[in-house]
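Asker: Sequence:
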Amino acid sequence: HLHDLMRDFDDVTLITRREPELLHGRPMRIVRREDDGSLWFLTHRETGKVDEIRRDGRSAVVMQSKSKFVFLAGTLTVDETKDTVEALWNPAFREWLPSDTTSRDVVALSFQPHHGEYWDPQGSPTVLEWMARGARALADSSSEGTKTKQHGKASL
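When you read off a place in the sequence shown, starting at 1, and then add 9, the result is the number in my numbering.
Since the hints were made in silico from the structure, they are not lab data.
Errors might be hidden in some of the hints.
Claimed, not checked - For each label pair, taking beta carbons as the anchor points, the in silico distance ranges come out as: (1) Arg16 x His124: 29 to 37 Å; (2) Arg67 x Glu104: 23 to 31 Å; (3) Ala82 x Glu28: 12 to 20 Å; (4) Ser112 x Asp44: 16 to 24 Å; (5) Ala163 x Glu89: 13 to 21 Å; (6) His10 x Glu95: 30 to 38 Å; (7) Gly57 x Arg103: 17 to 25 Å; (8) Asp20 x Asp60: 34 to 42 Å; (9) Ser112 x His33: 19 to 27 Å; (10) Arg38 x Phe78: 17 to 25 Å; (11) Glu95 x Gly161: 34 to 42 Å; (12) Arg42 x Trp105: 13 to 21 Å.
Idealized CB from N, CA, C, for every residue including glycine.
Model the full structure from these sequences, guided by the hints.
Answerer: Take a look at the structure:
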């Protein structure tokens, strides 16, 4: 379920470590998703986040909508290869990155998640479903029918 939820988000909060005790978050657009859950971002080379990642790649990604929440903890790396940047580039990115792939000003960030959590009340039952489950639970003395998949954890 976690991988399915991750596909619902294009924009995330990327969290890095500015100092050992200070976290720093900023909005980022996902430019590619891999089957293993890895996420790719593009950014300007001369930003604080690039320096932060080079010092300490431990990081997190937070995804949030009105009713769905995902938290991923993992590792970020900076990929400066021109081939990678070109493969990820889209002309629409000029809105955020005035340079293009011919410039060395743009770098790719690869986020490899190690574990994650999600909260998805969309999967929770309606009131009528709760009532029906409760009646079944009383009838067969089993609480199995009252379990939901609102919250979960996964190693990636």
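Asker: For every hint, state whether the structure bears it out.
Answerer: Results of checking the hints against the structure:
no., hint, verdict
1, Arg16 x His124: 29 to 37 Å, "18 Å, violated"
2, Arg67 x Glu104: 23 to 31 Å, "30 Å, holds"
3, Ala82 x Glu28: 12 to 20 Å, "18 Å, holds"
4, Ser112 x Asp44: 16 to 24 Å, "30 Å, violated"
5, Ala163 x Glu89: 13 to 21 Å, "31 Å, violated"
6, His10 x Glu95: 30 to 38 Å, "34 Å, holds"
7, Gly57 x Arg103: 17 to 25 Å, "22 Å, holds"
8, Asp20 x Asp60: 34 to 42 Å, "23 Å, violated"
9, Ser112 x His33: 19 to 27 Å, "25 Å, holds"
10, Arg38 x Phe78: 17 to 25 Å, "19 Å, holds"
11, Glu95 x Gly161: 34 to 42 Å, "37 Å, holds"
12, Arg42 x Trp105: 13 to 21 Å, "18 Å, holds"
Hint compliance for this structure: hints 1, 4, 5, 8 are broken, all remaining hints hold.
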